[in-house]
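Engineer: If you want the building blocks of each chain, they are given just below.
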Amino acid sequence: GAVVSQHPSRVICKSGTSVKIECRSLDFQATTMFWYRQFPKQSLMLMATSNEGSKATYEQGVEKDKFLINHASLTLSTLTVTSAHPEDSSFYICSARGDSYEQYFGPGTRLTVT
Amino acid sequence: GIQVEQSPPDLILQEGANSTLRCNFSDSVNNLQWFHQNPWGQLINLFYIPSGTKQNGRLSATTVATERYSLLYISSSQTTDSGVYFCAVKKSNTPLVFGKGTRLSVIA
Chain A
3 GAVVSQHPSR VICKSGTSVK IECRSLDFQA TTMFWYRQFP KQSLMLMATS
53 NEGSKATYEQ GVEKDKFLIN HASLTLSTLT VTSAHPEDSS FYICSARGDS
103 YEQYFGPGTR LTVT
Chain H
148 GIQVEQSPPD LILQEGANST LRCNFSDSVN NLQWFHQNPW GQLINLFYIP
198 SGTKQNGRLS ATTVATERYS LLYISSSQTT DSGVYFCAVK KSNTPLVFGK
248 GTRLSVIA
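Sequence order for the protein chains is A and H.
Just add 2 to wherever you are in the first sequence, counting from 1, and you've got the working numbering.
Just add 147 to wherever you are in the second sequence, counting from 1, and you've got the working numbering.
One chain only, chain A, in its complex shape (with noise of 0.2 Å):
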């Protein structure tokens, strides 16, 4: 099956600092990437979806200028967090399609903000 990687897999930051995120498709080009959110023992929530070389198209509620999305290439789609305070902290997932409709997941990045 598709691999997609996330690095990093966990990370702390301090209050006020901004963090990026990277996903990557190791073995397919992915024309469409995703950001999920996830909370302790919820379900995924999808904050944005991203094309390769367009604007990323957020989810109601979700930040733009908080939450940059950048999916530079066909491989690699990055997540900032900006300004980042403790209620950011949570479990960020992203996911890549490829010519399919089906969708494969990074392995996460569990995020602290201290």
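Some hints could be false.
[Stated by the list, open to error] Between beta-carbon pairs, the in silico distance windows are:
#1 Ser198/H to Ser17/A: 46 to 56 Å
#2 Thr59/A to Gln150/H: 15 to 25 Å
#3 Ser239/H to Lys66/A: 34 to 44 Å
#4 Thr241/H to His87/A: 27 to 37 Å
[Stated by the list, open to error] Subject to a maximum C-alpha distance of 25 Å in a straight line, what follows is the list of computed DSS-like cross-link-like pairs (lysine-lysine):
#5 Lys22/A to Lys57/A
#6 Lys57/A to Lys16/A
#7 Lys57/A to Lys201/H
#8 Lys247/H to Lys201/H
#9 Lys238/H to Lys201/H
#10 Lys201/H to Lys43/A
#11 Lys247/H to Lys57/A
#12 Lys43/A to Lys237/H
#13 Lys16/A to Lys66/A
#14 Lys66/A to Lys201/H
#15 Lys201/H to Lys237/H
#16 Lys68/A to Lys16/A
[Stated by the list, open to error] Facing chain A, according to a computed beta carbon distance under 10 Å, are these residues of chain H, among others:
#17 Val151
#18 Gly188
#19 Val231
Honestly, the hints are just simulated from the structure, not real lab data.
Every residue, glycine too, gets a C-beta built ideally from N, C-alpha and C.
Go by the hints and put chain H onto chain A.
Structural biologist: Below, chain H alone, put in the same frame as chain A:
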């Protein structure tokens, strides 16, 4: 938007037992996927099954698209099957929408 309901929300099984997890969805879809989220948070693709029946080892899944439900069967459960099972669906040009999951605990 499309609604996805999974049942049961929680399930405890003795090792070796069989189980059936259900996913109901509110509209026609062109993609349905089952995932297993392991204790480390990784989502593992189990099945891509917008319709029909598929089997992979001890797991199998059936989607009846006309009746808007899908079933995931786990046979001879093992402790490593523990985790959360998610059903997710999508219509054309929309992202995957996840159900709330079924939390499975298999005890030895």
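Engineer: Now, for every hint given, state plainly whether the structure supports it.
Structural biologist: Results for each hint:
1. Ser198/H to Ser17/A: 46 to 56 Å: holds (48 Å)
2. Thr59/A to Gln150/H: 15 to 25 Å: Holds - the Cβ-Cβ distance for Thr59/A and Gln150/H, about 21 Å, lies within 15 to 25 Å.
3. Ser239/H to Lys66/A: 34 to 44 Å: Violated: the Cβ-Cβ distance is about 25 Å, outside 34 to 44 Å.
4. Thr241/H to His87/A: 27 to 37 Å: holds (30 Å)
5. Lys22/A to Lys57/A: holds (17 Å)
6. Lys57/A to Lys16/A: violated (28 Å)
7. Lys57/A to Lys201/H: Not satisfied, since the Cα-Cα distance of roughly 37 Å exceeds 25 Å.
8. Lys247/H to Lys201/H: holds (23 Å)
9. Lys238/H to Lys201/H: Status holds; Cα separation ~21 Å.
10. Lys201/H to Lys43/A: Since the Cα atoms of Lys201/H and Lys43/A sit roughly 28 Å apart, the hinted pair is violated (cutoff 25 Å).
11. Lys247/H to Lys57/A: It is violated: about 29 Å lies between the C-alpha atoms, which goes past 25 Å.
12. Lys43/A to Lys237/H: The hint holds at about 23 Å.
13. Lys16/A to Lys66/A: Distance ~21 Å between Lys16/A and Lys66/A Cα, so the pair holds.
14. Lys66/A to Lys201/H: The hint is violated at about 40 Å.
15. Lys201/H to Lys237/H: holds (19 Å)
16. Lys68/A to Lys16/A: holds (16 Å)
17. Val151: holds (9 Å)
18. Gly188: holds (4 Å)
19. Val231: holds (9 Å)
In the structure shown, a violation is registered for the earlier hints numbered 3, 6, 7, 10, 11, 14, in ascending order.
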